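The listed protein sequences derive, respectively, from chains A and B. Once you know that position 156 of the first sequence is 198 in this note's numbering, the rest is easy, because the numbers rise by one and skip nothing. Once you know that position 78 of the second sequence is 120 in this note's numbering, the rest is easy, because the numbers rise by one and skip nothing.
You can take every hint at face value.
Pairs involving identical chains hold if they fit within one copy or between any two copies, as the list cannot separate such chains.
Here are the simulated lysine to any residue pairs, SDA-like style, with alpha carbons at most 25 Å apart:
hint : residue 1 : residue 2
1    : 354       : 284
2    : 164       : 121
3    : 354       : 303
4    : 212       : 225
5    : 354       : 304
Simulated from the structure, these hints should not be mistaken for laboratory data. Keep in mind the model is a prediction, meaning the values are calculated, not measured.
2 protein chains.
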Amino acid sequence: MTAGASRGAPVAFVDGQRLWQRLMTLAQFGAVGEGGVDRPALSDTEANARARIVAWARALDMRPYTDRVANLFLRFEGTDPTLPPVLVGSHIDSQPTGGRFDGVYGVLAGLEVVQAILVSDKRPRRAIEVVAWTNEEGSRFAPGMTGSYVFTEQKSFDEVASTRDGQGIKLEDAAAWILQSDQDVELRDFGREACAYVEAHIEQGPLLQREGVPVGIVTGIQGTRRYRVSVDGAAAHAGTASREDRRDALMTAVRIIAALDDAADIAGLKCTVGLFNVVPNAPSVVPSNVVFSVDIRHPDNEVVDMIDGFLKTLAVEHRGRCTVSVRQIAHAPSLTFSRNIQNVIAEAAASAGVPCMSIYSSAGHDARQLHYFCPTGMIFIPCRDGVSHNPEEWAEPEHVTAGAKVLCETVWRLANDD
Amino acid sequence: MTAGASRGAPVAFVDGQRLWQRLMTLAQFGAVGEGGVDRPALSDTEANARARIVAWARALDMRPYTDRVANLFLRFEGTDPTLPPVLVGSHIDSQPTGGRFDGVYGVLAGLEVVQAILVSDKRPRRAIEVVAWTNEEGSRFAPGMTGSYVFTEQKSFDEVASTRDGQGIKLEDAAAWILQSDQDVELRDFGREACAYVEAHIEQGPLLQREGVPVGIVTGIQGTRRYRVSVDGAAAHAGTASREDRRDALMTAVRIIAALDDAADIAGLKCTVGLFNVVPNAPSVVPSNVVFSVDIRHPDNEVVDMIDGFLKTLAVEHRGRCTVSVRQIAHAPSLTFSRNIQNVIAEAAASAGVPCMSIYSSAGHDARQLHYFCPTGMIFIPCRDGVSHNPEEWAEPEHVTAGAKVLCETVWRLANDD
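Turn these sequences into a full structure, and let the hints steer you where they fit.
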């Protein structure tokens, strides 16, 4: 197929309004205030959102499947069911202060692709499976991307099963609870073959908006390391324990973080302490323990590795009279997506008449794990001022539509490929 | 009465073993692990402990009263019921990581005083009221000392009524719940006249142990200021928001605290950040809000006032792109207890044959509020290594007994005074 979508091609049937309405409907599951969404992985809220998506999919002649980690697959059968399918999707869990687009867009755009194909009265050779991966955000069960890690067998189910949330609930129990609440959704194995994976997502950065381009072809994902740092001191009375006698876990944590933030003043480096838990967390008690997270990202793996070294050194230098342990919980090097998928997306955009540009992803996505499993690519659409993980998160309806069109043409091409 | 307790004087009937056993019994209410106690103010746990104390008191011919803030008064009638009573007591709530002695000792030592008097077959002229003040610790409802503040009418009930705990429960509702669970305990007004107040307590510092002296006559309490500092930034994605664009509430909080800790490196000054709450507290989200406590104490009011000035300056200097508000929630200047009560305690100790020394209190106590209401004094006993607000908190049985003897002789003298 060359430039210019042929008459009657599925892309002509992509309905931006329908997709927009589904986005707004899904934003009601876990809605908080003006535009905010709090939809923890494997929660009641997510189960309800999942049930709604399954209902939409069944109406599109799709069949739902799941696996033990509660990934959701909605299969639209191809003319040759023996061929490995094209996977298209993202996730439907959110950060506690999330918005309406992060994750959900990729899943609902996938549904819209299938609906456009259905309405065009065509069938692809390969099946298309719309996927919602479990616990991408990692804010309920840390670290995130659980579903894609386990599906691609980079982690075993046993490895993630006993991860606990803040209330002490195990991931395996939360997943089992979701499976129980599913209505007639068949269970299947991890690691089923796929011919490609494509994920549409908001950019979560300001570049597309700045350039005035509606679609980004993602070239790769920046490297990241994540840690839990635990500082142990001793609880003491705020009025009587002298400065010299204290083993103040909070002051030690503060010194380490301040020094790390100084060391992290490097162009393009992002260093975040998002989680900080104090024991006993009482105003009149010198803290006995602090656990905090560190998240380091940079496109250059060497910079990330350098900060890794700094963190370990600073933890020792500033520990004072406390003991400090630094535990790395995730390490994902920078990666470059399949050139072939990047080319297919570029051709698809040209064919659909949507301007596009190459762009690098600063955020991690499930596509990172799929990249090591099958040819993988991502499509970005702009989000206002780059704001994400925030109730203010916003994508323009015309960009939502443009991204779905490029996704539709991309998936259609991949699903009819040899 | 001169030195040397007369035969048959109540002090001879103080039974250290009985007092010790009651201490260990009460430590079961809210027991956590080895010696730890978690007994939040106005909780179920405290209600159960309170019911046990009321039962003990009734067996000693005492009558229980309470007030709207749930202070507990156990009245042992004097021969002249028209005279204002002697108050003796402390509190029974604990820090989340509390021990077996802080607070409870003063209440149970008061009961032991009454029991010794009862067994000696004597009656004081004035009534003796053993008191347990509500929410001294301030770890459930901040700030603390609520019961003594309201009883002495330095704060109105309305002023404290809508204080909420971490779960959003109002203090007035928690207090009403306790009153409901009381069995036949009469309600009375705040601010009832008292002729004196005496509080026995563990030192929560190392001086008595270091000097090898079993009883301290407390000369005064060091000054304190308490704050809540709130830092407002903006939530953002940890992987995409650039360092320059961030309004990171946690990094701002960390900078303020590190600078404050530098400024607080002054002999005798105690500066504590015990509480630190992050929103949304998720590893992949730049924090939008941090609220932390600051607790500053020093015997010299001028030093406390100086740090107060520092804190406000540092909050502005280090706010970066965030907004910072510093709210003082408590201010208690250093104070000196009644010379007369100090003298009575010294005479009582001499009479009971217990060595004593003068000592300054670094910790705040309900006696601070009573000091502004009636002649007030405190009796300290040593606690091991000065450790308090910690499961390791420990007082030797012989010191527990010695303190109760001095308290008994002190209260007996005050209750028979003109």
